[in-house]
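What follows is the residue order along each chain.
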Amino acid sequence: MHSFYANILFATKTTLGISLLSLCVGLLLGLLLALSEISPAWLKTTMNAWVMLIRGLPEIFILFMCYYGLTLLLKKFAGHYVDLNPFVCGVIVLGIVFSAYASQIFIAALHAIPQEDLLAAQALGLNKPTIWLSIIMPQLFRHALTGLLNLWLVLLKDSSIVSLIGLHDIMNVAHVAASETFKPFNFYLFAGAIYLFLTFISGFLGKKLETKLAL
Amino acid sequence: MFSIITQNYSAILDGIGTTLFLLIISLLAGLILSVTFAAIKYYRIPVLKQAVDTFVFFIRGTPFLVQLFLIYYGPFQFHWMTHSWLGIPFKSATFCALLALIFNTTAYTSSLFYGAMRNLPQDEVTAGTALGLSNWQNYVYIILPRYFVRILPVYKNEVIMLLKCTSLVSTITILDVMGVMRQIMTQTYQTIPSLLIAGIIYLVLAVALNAVMKFFYSKKLHKVKNALLSHVHQISLLFLHY
Amino acid sequence: MKKLGLSLLLLIISCSQFAYAKQTLTFATEATYPPFVSMTASDKMVGFGPDLVHALCKIMQTNCQLVNAPWESLIPSLKMGKYDALFGGMGITPARKKVIDFSLPYYQNAMAFVANKSTHFVLEPQWLKGKTIGVQGGTAFQNYLQTKFGKLITIKTYASNMAALMDLKAGRVNAVFLDKPVAVTWLQKPDSQAYTTIGNITSVKFFGPGNAIAINQGNTALQQKINVAIKTMQTNGQLKKLQTKWFGK
Chain A
1 MHSFYANILF ATKTTLGISL LSLCVGLLLG LLLALSEISP AWLKTTMNAW
51 VMLIRGLPEI FILFMCYYGL TLLLKKFAGH YVDLNPFVCG VIVLGIVFSA
101 YASQIFIAAL HAIPQEDLLA AQALGLNKPT IWLSIIMPQL FRHALTGLLN
151 LWLVLLKDSS IVSLIGLHDI MNVAHVAASE TFKPFNFYLF AGAIYLFLTF
201 ISGFLGKKLE TKLAL
Chain B
1 MFSIITQNYS AILDGIGTTL FLLIISLLAG LILSVTFAAI KYYRIPVLKQ
51 AVDTFVFFIR GTPFLVQLFL IYYGPFQFHW MTHSWLGIPF KSATFCALLA
101 LIFNTTAYTS SLFYGAMRNL PQDEVTAGTA LGLSNWQNYV YIILPRYFVR
151 ILPVYKNEVI MLLKCTSLVS TITILDVMGV MRQIMTQTYQ TIPSLLIAGI
201 IYLVLAVALN AVMKFFYSKK LHKVKNALLS HVHQISLLFL HY
Chain C
1 MKKLGLSLLL LIISCSQFAY AKQTLTFATE ATYPPFVSMT ASDKMVGFGP
51 DLVHALCKIM QTNCQLVNAP WESLIPSLKM GKYDALFGGM GITPARKKVI
101 DFSLPYYQNA MAFVANKSTH FVLEPQWLKG KTIGVQGGTA FQNYLQTKFG
151 KLITIKTYAS NMAALMDLKA GRVNAVFLDK PVAVTWLQKP DSQAYTTIGN
201 ITSVKFFGPG NAIAINQGNT ALQQKINVAI KTMQTNGQLK KLQTKWFGK
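Heads up: the protein sequence lines correspond to chains A, B and C, in order. Each residue of the first sequence is one higher than the one before, starting from 1 at the first, in the numbering used here. Each residue of the second sequence is one higher than the one before, starting from 1 at the first, in the numbering used here. Each residue of the third sequence is one higher than the one before, starting from 1 at the first, in the numbering used here.
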């Protein structure tokens, strides 16, 4: 009995791993999508349509599409079978979903950067990469922080759906424990408590970061 | 792909019906609860406020899937539940799904409403009180219509989120759109076509819901708002008269 | 940022194992089928299936990897080439034969219902009428119920047998229809005493000639290798031994 609790606790590593990796992928993709704001019109339209599409589809659908469909597609392109295990699929899907929402936050943050800062930087003769790295990026993240924190909490909880394609995360292990022992109340409650702990800690650390970086 | 539709159209239609049923019921119930919970927080009603805060903390801190499984499988770990009247509603998977969906939408929307209430211009709120309206009247006639009009563009997103959330109830044997398509998938092994049909249905539902809400926002709600405001106006005239 | 992106890409690539030069065979199952296959609390796969696969692989002189995956993903994944073979309690059913190939059967299986003793379950139309029966989705069981009693009963499908049995305990279904050995094993659990099995159903038409290892369509090389190994186990008595160990017959 105790061993099942230990298994669930141990699976926290998987949940955290997949969530953190998806966060990185999602942030990068989100920034790229946000750049569409300053790119040619056709690209902007395509990106917008993509973001709308992802936001309109259930995560479980995108996950199944990745797990079954993307594998088939890869096989066609690569000519041989390429394995996408549940973990990789989870990272791809959670990352893509995160990026769709994050891009909106980044775009809003981009607009919040005072125009004078950019003008001043240009007047100083800084080149474009420097302006992006040292003027725009830091401000962008500060403006986007609150929104991104919320998205992180959503991501952390959404990661539980990857259990449906067989990733041995908190949810999956709890489900196995519940059906093996017929103690569903105990095990799902325990799983819920771990998620609650993770979101609580995230919120706490996020608030700290927010006050530290406060504008 | 078309053979899947023609062979299973009645099951697919049932699935769409189930999805819409779950969505509409949980939206309506969630709306009523959210308005109430937001008011409880706004007026800082003791005990109830703490209860609402705890509820929101627990629901927002845990995944929907955990809540769903806890509600569906959890109660019957306790033997007495199987025979008690308390267990009767929980025997219905639809009831469990609705409960989880309502909990979720309420936790998110009530926070949304509460935030919007706090951002209302104070003079509009105090004006109602000055006119001698009770807290309750003030809330229903003045605060509610005002913040609701403001919040609608954001609330729209909440509705789409809830629609996406309903797709997870197929994990507790409910044959909604996702459930029906998953069943067809396991019977015909036509995985990708079945999934694509599900995706298209969800997309169409999302676009349709979006359009409906937009329509409401542009046309109807302004009428509703004006009607409510004129109602308030009449009441205030009445009060002034006395 | 670029460096981070690059290292991430590398990480993802290294996570997805590329399949060329694969020497290990991957056998997948859904491990909620004791005594066929199940997971222990210490996350180990045990049962008749794993024992059989290990023995087969020893004869075939290959490395084998056992994977636990959701039931509904098994056949699609096999068809895609994600796994080399499927094992566990999978019967050679006509529906499955259309999409995948099978080895020789290694076990003759019977099916049964599980119900609470107090409901006095009898396999007759009068009793079944209006009842709800739980079953794992995408199985021959579902087909059987649909064809035989489809008009009388409501069929509820589950992702796994265990989920269906959980609902039997919750009282949401009147009975569950599944493999008899799985039912018998479940009845041995300390809190399953109120339940019993009914029936001993065999039907080649629905459930095929027995349980077998599933392989992708056209993978005759592996099919033959496995068949030879199964025959070896039949002749040297190893198969019988395993059957007695797990099914007690």
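If you are wondering where the hints come from, they were derived from the structure by calculation, not from laboratory data. The model shown is predicted, which means the values in this text are computed figures rather than measured ones. Take the hints with a grain of salt, since some may be wrong.
As the list claims (entries may be wrong) - Below 25 Å or equal to it, Euclidean Cα-Cα: the simulated DSS-like pairs (lysine-lysine) are:
(1) C:LYS98 - C:LYS245
(2) A:LYS207 - B:LYS49
(3) C:LYS156 - C:LYS205
(4) A:LYS75 - C:LYS97
(5) C:LYS79 - A:LYS75
Unchecked claim - Restraint-style ranges between C-beta atoms, simulated for each label pair:
(6) C:VAL204 - B:PHE57: 34 to 42 Å
(7) B:ILE192 - A:TRP42: 49 to 57 Å
(8) A:PHE204 - B:PRO153: 26 to 34 Å
(9) A:GLY79 - C:GLN224: 19 to 27 Å
Even for Gly, the Cβ is constructed at its ideal location relative to N, Cα and C.
Verification of the supplied hints:
1. A threshold of 25 Å between alpha carbons decides the hint, and for C:LYS98 with C:LYS245 the separation of about 33 Å lies outside it, so the pair is violated.
2. Of the pairs offered as hints, the one joining A:LYS207 and B:LYS49 holds, with about 23 Å between alpha carbons and a cut-off of 25 Å not exceeded.
3. Pair hint C:LYS156 plus C:LYS205 holds up; C-alpha atoms about 22 Å apart against a cutoff of 25 Å.
4. Of the pairs offered as hints, the one joining A:LYS75 and C:LYS97 holds, with about 23 Å between alpha carbons and a cut-off of 25 Å not exceeded.
5. Simply put, C:LYS79 and A:LYS75 have alpha-carbon atoms about 12 Å apart, close enough for the 25 Å limit, and the pair holds.
6. Between C:VAL204 and B:PHE57 the C-beta distance comes to about 57 Å, which lies outside the given range of 34 to 42 Å.
7. At roughly 29 Å, the beta carbons of B:ILE192 and A:TRP42 sit outside the given window of 49 to 57 Å.
8. Range check, A:PHE204 to B:PRO153: Cβ separation about 31 Å, and the 26 to 34 Å hint holds.
9. Checked against the hint of 19 to 27 Å, the pair A:GLY79 and C:GLN224 passes, with Cβ atoms roughly 26 Å apart.
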